[in-house]
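Quick mapping for you: the protein sequence lines, in order, are chains A and B.
Numbered by my numbering, the letters in the first sequence go through residues 65 to 533 in order.
Numbered by my numbering, the letters in the second sequence go through residues 65 to 533 in order.
Hints listed in this document are in silico derivations from the structure and should not be mistaken for laboratory results.
Be aware that a few hints might be false.
Note that the list lumps identical chains together, so a pair holds whenever it fits in one copy or between two copies.
[To be verified] In silico DSS-like pairs for lysine-lysine, Cα to Cα no more than 27 Å straight-line: (1) K496 to K426; (2) K87 to K265; (3) K313 to K412; (4) K87 to K195; (5) K313 to K97; (6) K208 to K502; (7) K471 to K144.
Since this is a predicted model, take the numbers as computed values, not measurements.
There are 2 protein chains.
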Amino acid sequence: MEIKEITNRDIDFAKWYTDICKKADLVDYSGVKGSMIIRPLGFAIWEQMERILDEKFKETGHENVQMPMFIPESLLKVEKDHVEGFAPEVAWVTEGGKEPLDERMCVRPTSEVLFCEHYKKIINSYRDLPKLYNQWCTIVRWEKTTRPFLRSREILWQEGHTMHSTEQEAREETLRIFNIYKEFQEEYLAMPVITGKKTEKEKFAGALETYTIEAMMYDGYALQNGTSHYFGQNFAKAFGIEFTNKENKLETPYQTSWGVSTRMIGGLIMTHSDNNGLVLPPKIAPWKVIIIPIGNVTEKLDELEEKLKQEKITFKTDRSDKSPGYRFAEAEVKGYPIRIELGERDLKEDKITLVRRDTLEKITLSFKEIIPKIKEIMEIMQKEMFNRAKRRRDEMIYEANTYEELKEIADNKSGFIKINWCENTECENKIKDDIGLKSRCLIDSEKVTGPCVVCGKKAKTRLYVGRQY
Amino acid sequence: MEIKEITNRDIDFAKWYTDICKKADLVDYSGVKGSMIIRPLGFAIWEQMERILDEKFKETGHENVQMPMFIPESLLKVEKDHVEGFAPEVAWVTEGGKEPLDERMCVRPTSEVLFCEHYKKIINSYRDLPKLYNQWCTIVRWEKTTRPFLRSREILWQEGHTMHSTEQEAREETLRIFNIYKEFQEEYLAMPVITGKKTEKEKFAGALETYTIEAMMYDGYALQNGTSHYFGQNFAKAFGIEFTNKENKLETPYQTSWGVSTRMIGGLIMTHSDNNGLVLPPKIAPWKVIIIPIGNVTEKLDELEEKLKQEKITFKTDRSDKSPGYRFAEAEVKGYPIRIELGERDLKEDKITLVRRDTLEKITLSFKEIIPKIKEIMEIMQKEMFNRAKRRRDEMIYEANTYEELKEIADNKSGFIKINWCENTECENKIKDDIGLKSRCLIDSEKVTGPCVVCGKKAKTRLYVGRQY
Numbered sequence: 065m066e067i068k069e070i071t072n073r074d075i076d077f078a079k080w081y082t083d084i085c086k087k088a089d090l091v092d093y094s095g096v097k098g099s100m101i102i103r104p105l106g107f108a109i110w111e112q113m114e115r116i117l118d119e120k121f122k123e124t125g126h127e128n129v130q131m132p133m134f135i136p137e138s139l140l141k142v143e144k145d146h147v148e149g150f151a152p153e154v155a156w157v158t159e160g161g162k163e164p165l166d167e168r169m170c171v172r173p174t175s176e177v178l179f180c181e182h183y184k185k186i187i188n189s190y191r192d193l194p195k196l197y198n199q200w201c202t203i204v205r206w207e208k209t210t211r212p213f214l215r216s217r218e219i220l221w222q223e224g225h226t227m228h229s230t231e232q233e234a235r236e237e238t239l240r241i242f243n244i245y246k247e248f249q250e251e252y253l254a255m256p257v258i259t260g261k262k263t264e265k266e267k268f269a270g271a272l273e274t275y276t277i278e279a280m281m282y283d284g285y286a287l288q289n290g291t292s293h294y295f296g297q298n299f300a301k302a303f304g305i306e307f308t309n310k311e312n313k314l315e316t317p318y319q320t321s322w323g324v325s326t327r328m329i330g331g332l333i334m335t336h337s338d339n340n341g342l343v344l345p346p347k348i349a350p351w352k353v354i355i356i357p358i359g360n361v362t363e364k365l366d367e368l369e370e371k372l373k374q375e376k377i378t379f380k381t382d383r384s385d386k387s388p389g390y391r392f393a394e395a396e397v398k399g400y401p402i403r404i405e406l407g408e409r410d411l412k413e414d415k416i417t418l419v420r421r422d423t424l425e426k427i428t429l430s431f432k433e434i435i436p437k438i439k440e441i442m443e444i445m446q447k448e449m450f451n452r453a454k455r456r457r458d459e460m461i462y463e464a465n466t467y468e469e470l471k472e473i474a475d476n477k478s479g480f481i482k483i484n485w486c487e488n489t490e491c492e493n494k495i496k497d498d499i500g501l502k503s504r505c506l507i508d509s510e511k512v513t514g515p516c517v518v519c520g521k522k523a524k525t526r527l528y529v530g531r532q533y
Numbered sequence: 065m066e067i068k069e070i071t072n073r074d075i076d077f078a079k080w081y082t083d084i085c086k087k088a089d090l091v092d093y094s095g096v097k098g099s100m101i102i103r104p105l106g107f108a109i110w111e112q113m114e115r116i117l118d119e120k121f122k123e124t125g126h127e128n129v130q131m132p133m134f135i136p137e138s139l140l141k142v143e144k145d146h147v148e149g150f151a152p153e154v155a156w157v158t159e160g161g162k163e164p165l166d167e168r169m170c171v172r173p174t175s176e177v178l179f180c181e182h183y184k185k186i187i188n189s190y191r192d193l194p195k196l197y198n199q200w201c202t203i204v205r206w207e208k209t210t211r212p213f214l215r216s217r218e219i220l221w222q223e224g225h226t227m228h229s230t231e232q233e234a235r236e237e238t239l240r241i242f243n244i245y246k247e248f249q250e251e252y253l254a255m256p257v258i259t260g261k262k263t264e265k266e267k268f269a270g271a272l273e274t275y276t277i278e279a280m281m282y283d284g285y286a287l288q289n290g291t292s293h294y295f296g297q298n299f300a301k302a303f304g305i306e307f308t309n310k311e312n313k314l315e316t317p318y319q320t321s322w323g324v325s326t327r328m329i330g331g332l333i334m335t336h337s338d339n340n341g342l343v344l345p346p347k348i349a350p351w352k353v354i355i356i357p358i359g360n361v362t363e364k365l366d367e368l369e370e371k372l373k374q375e376k377i378t379f380k381t382d383r384s385d386k387s388p389g390y391r392f393a394e395a396e397v398k399g400y401p402i403r404i405e406l407g408e409r410d411l412k413e414d415k416i417t418l419v420r421r422d423t424l425e426k427i428t429l430s431f432k433e434i435i436p437k438i439k440e441i442m443e444i445m446q447k448e449m450f451n452r453a454k455r456r457r458d459e460m461i462y463e464a465n466t467y468e469e470l471k472e473i474a475d476n477k478s479g480f481i482k483i484n485w486c487e488n489t490e491c492e493n494k495i496k497d498d499i500g501l502k503s504r505c506l507i508d509s510e511k512v513t514g515p516c517v518v519c520g521k522k523a524k525t526r527l528y529v530g531r532q533y
C-alpha cells in the first residue's frame with residue numbers, strides 16, 4: 065500500500081482538482097460516458113448541503129414535490145426563449161417498452177415547463193397563491209466535455225419554482241432565496257461570494273432577471289455557484305396560468321425559480337483543499353473527527369467514542385490493519401477536520417495528539433481536555449478558513465479603467481476585474497471573444513467611475529468580469 | 065367551494081383509491097403519459113419514510129452513493145437473466161445534444177449492473193469488504209397501465225447493493241434488511257405484513273433467492289411492498305469481481321440487493337383510509353395535528369402553536385377564509401391524525417374540541433389538558449390502527465386442501481389462501497392461469513398438511529397465493 069500522490073496545485077491546478085476528487089474517494093468515473101459516480105464521502109457532503117438548505121427552505125414556507133423526469137417535445141417548446149436555450153443540450157428518449165414513442169421526450173434539463181403545466185391546473189384562485197414548491201432531483205444536460213461536480217451530464221440539484229399574486233412578492237422571493245444561498249455558502253461552506261445581477265446576455269433562458277452567486281476559486285477562476293431567477297409573467301402567459309383575485313377578476317401570477325447543485329462541492333474543493341488532499345470546513349464536514357487507534361487502546365477508544373456521541377460530534381474510527389502513517393495520510397486526503405491519534409504508549413502518559421486539518425497543527429493534550437478542545441478548534445477553523453479564502457479572493461480583485469489595462473491584467477493575473485460598462489452586449493462580447501473574460505455580475509453597490517472600457521461611450525454600470533469554470 | 069366527494073370504497077374500491085390519491089392532494093396526473101406528479105402531502109409522506117429508513121440503514125453501517133441514471137445497452141446485457149427480465153420494460157435514450165448516440169442507453173430500471181461495474185473497480189482486497197451501499201433515486205419501467213404509487217413509469221425508491229467476502233455474511237445481510245423493512249412497515253406504517261421467500265418463478269431476475277414483504281389491502285388483494293435479494297456470486301462472476309483474501313488468494317464475493325419504493329404509500333392508503341379520505345398512522349404522518357381556528361382566537365392559537373413546537377409535535381394551522389365545515393372536511397380528506405377545533409365561543413368556557421381521524425371520535429377538554437391528550441391519542445391510534453388492520457387481514461386468510469376448495473374460495477372470497485404445493489412451476493402456473501391467483505411467498509413456519517392441491521403429488525412446502533396489485 066502506498067500513500068496516494070496528489071499533483072501540486074500550483075503546478076497543474078486542473079490535474080490537482082481531479083486528483084482530489086479521485087483520491088479523496090469523492091467520485092469515480094463510470095462506463096457511462098459523461099456521468100460520474102458520487103462515492104460515499106462525496107454523497108455525504110451533498111446530504112449535508114441538502115439537509116441544511118432543505119431546512120431553510122421549509123422554514124420559509126416551501127414544500128417539496130416531485131415532478132416527472134421526462135418532458136414531451138411539445139411541452140418543452142411552449143416558451144420560446146426557454147426551448148432555444150435548452151434544446152441543443154438535452155437527451156432524447158425515443159423508445160419505451162420495445163416500441164417507438166409517438167412523441168419523443170427529453171430527460172428534464174430543468175423543470176420550468178413541468179411546473180407551469182401543473183400550476184395551470186392547480187392555481188385558480190387567490191387562495192391558491194403563493195405556491196412555493198421545490199424539488200430535489202437529477203437533471204440531464206448533454207455536455208461535451210465534463211469534469212467531476214463542475215460539468216456533468218447528470219447533475220444532482222434542487223430547483224425551486226414559485227408563483228405569486230403580485231410582482232413585489234415574486235421579486236422578494238427571488239431575493240429571499242438568493243440571500244439563503246449567500247448565507248449558506250459563507251456560513252457553512254466558508255466560501256466568500258460575490259453576488260449580483262447577471263447581464264442580459266448571461267441571464268437564464270426565459271427569465272427577466274437572474275441573480276448569481278459567484279465564488280472565486282484558488283486559481284482565480286470564477287464558479288457560478290447558484291442562481292435565482294425572476295420570470296415576471298413570461299411563462300405564466302405562455303402557459304395561460306390565471307387566477308381570480310379577491311375582486312373576482314382574472315389576473316396572471318408572477319414567477320420565480322432558483323437552484324443550486326453538486327457544483328458547490330467542486331467549489332468547496334477549489335476554495336479550501338491543498339496538496340495533501342481535501343480540506344472541509346467543520347460545519348459541512350459529514351464527520352468532524354477521525355480517530356486513529358494505535359496499539360491496544362480499546363478502553364479509552366470506547367470512552368472517547370461515547371463522549372463524542374454524547375456531544376453529538378460526528379466521527380469515524382479507522383480500525384483497519386494499515387500502518388499508522390498510512391492511516392494518517394488517508395485521513396488527510398479525505399479532509400476530516402480533526403484527526404485524533406490514540407496511541408497505546410502516549411495514553412500511558414495521559415497524552416493524546418490532535419491534528420487540525422487546515423493548518424496541520426499538532427496539539428498534544430490530556431484525555432479530559434479533548435472535548436472542549438475539539439469544539440474550540442472547529443469554531444476557529446471555520447472562521448479562519450473563511451477569512452483565508454476571503455483574503456485571497458480580495459487580493460485577486462482588480463480594477464481596469466481602460467481596455468489596455470483590462471487586457472494587461474487579464475494577460476498577467478487571474479481573478480475578477482471590475483470595469484465600467486455601457487450595458488451594450490457588443491462590448492460584452494468583445495471582452496469575451498478577444499480577452500476570454502465573461503461577465504460575472506453587475507456591481508450595484510458601486511458608482512460608475514469612467515466611460516465604458518470597451519467603446520469609450522458613457523458607462524451605465526460597474527461589472528465584474530473573469531474567467532470561469 | 066364544495067366538499068370533495070369520494071367514491072364509497074365498498075362499492076368501487078379502484079375508484080375510491082384514485083379518489084383518495086387525487087382528493088387528498090397526494091398526486092396529480094401530468095401531461096407526461098404514465099408519470100405522476102407527487103404533490104406536497106404525498107412527498108412529505110415519502111420524506112418521512114426516507115428519513116426513518118435512511119437512519120436505520122446508516123445505523124447498520126450502510127453508506128449512500130449516487131450512480132449514473134443511464135445504462136449503456138452492452139452493460140445491461142452482461143448478466144443474462146437480468147437483461148431478459150428488464151429489457152422489455154425500459155426506456156431508451158438514442159440521441160443527446162442533437163446527435164445520435166453511438167450506443168443507446170436505457171434509463172435505469174434498477175442498478176445492479178451499474179453497481180457491479182463500480183465494484184469491479186473498487187474491490188480488490190478483503191480490506192475493501194464488505195461494501196454496504198444504498199442509493200435513493202428514481203427508476204423507470206415502461207409500464208403499459210399505471211396507477212398512482214402502485215404502478216408508474218417513474219418510481220422513487222431506494223436500492224441497496226452490498227458485497228461480502230462470505231456467503232454467510234451476505235445471507236445475513238439479506239435477512240437483516242428484510243427485518244428492517246418488516247419492522248418499519250409494522251411499527252411506523254401500522255401495516256401487518258406476511259413475509260417469506262418468493263418461489264423460483266417469482267424471484268427477481270438474476271437472484272438466487274428473493275425475500276418478500278406482502279401486505280394485504282382492504283379489498284383482500286396483495287401488495288408486494290419490499291424485497292430483499294440474495295445473489296450469491298451470479299453477478300460477481302458475470303462481471304469478474306474478485307478480491308484477495310487474507311491468505312493472498314483470489315476469491316469471488318457474495319452479493320445482495322434490496323429495495324422499497326413509493327408503492328408503500330399506495331399500501332398505506334389501501335390499508336387504512338376510509339370514505340372520508342386519507343387516514344395516516346401518527347408515526348408516519350408528516351403533521352400530527354391540524355389546528356382550525358374559528359373566530360378571533362389569536363392569543364390561544366399562539367400559545368397552542370408554541371406548546372406544540374416545544375413538544376416537537378408537528379402541526380399545520382388552516383388560517384384560510386373557508387368555512388369551518390369546509391376546513392373540517394378538508395382536514396379529514398388529508399388525513400391529519402388529530403384535528404383541533406379552536407373556537408372563539410368555546411374558548412370562553414375553556415373548551416377545546418379534538419377529533420381523532422381514524423375513529424372520528426370527538427373529545428372536549430380544557431386548554432391545559434391538550435398536550436397530554438394529544439400524546440395519548442397518538443399512541444392509542446397507532447396501536448389500534450395496526451390491530452384493526454391485522455384483525456381484518458387475519459379474517460381474510462383461508463386454507464385450501466384441494467383444487468376445488470381453492471377454486472371455490474377464490475370465486476367467493478378475497479384474501480390470501482394457504483395451500484400445499486409440490487414446488488413445481490407447472491402447478492404454480494395453473495393456479496395463475498386458471499384461477500388468477502399468484503404465489504405470494506413460501507410459508508416456512510408451517511408443516512405440509514397434505515398433497516399438492518394442483519397435481520395431488522407429494523407437497524414440499526406450504527404457500528400463500530392471492531390476487532395482487
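Status of K144 relative to K471 across identical chains (alpha carbons, at most 27 Å): neither (37 Å within a copy, 60 Å between copies)
27 Å Cα threshold - placement of K195 relative to K87: between (43 Å within a copy, 18 Å between copies)
Alpha-carbon proximity between K208 and K502, which holds within one copy, between copies, both or neither at 27 Å: within (20 Å within a copy, 48 Å between copies)
K313 and K412: within-copy, between-copy, both or neither at 27 Å Cα: Classified as neither: same-chain Cα gap 81 Å, cross-chain 39 Å, threshold 27 Å.
Alpha-carbon proximity between K87 and K265, which holds within one copy, between copies, both or neither at 27 Å: Cα proximity of K87 and K265: none, with 38 Å in one copy and 44 Å across.
Intra- versus inter-subunit Cα pairing at 27 Å for K313 with K97: Classified as neither; 52 Å inside a copy, 33 Å across copies.
Within, between, both or neither, where K496 and K426 count as close if Cα-Cα is 27 Å or less: Neither: 47 Å inside a copy, 70 Å across copies.
In this structure, the earlier hints numbered 1, 2, 3, 5, 7 are contradicted, and the remaining ones agree with it.
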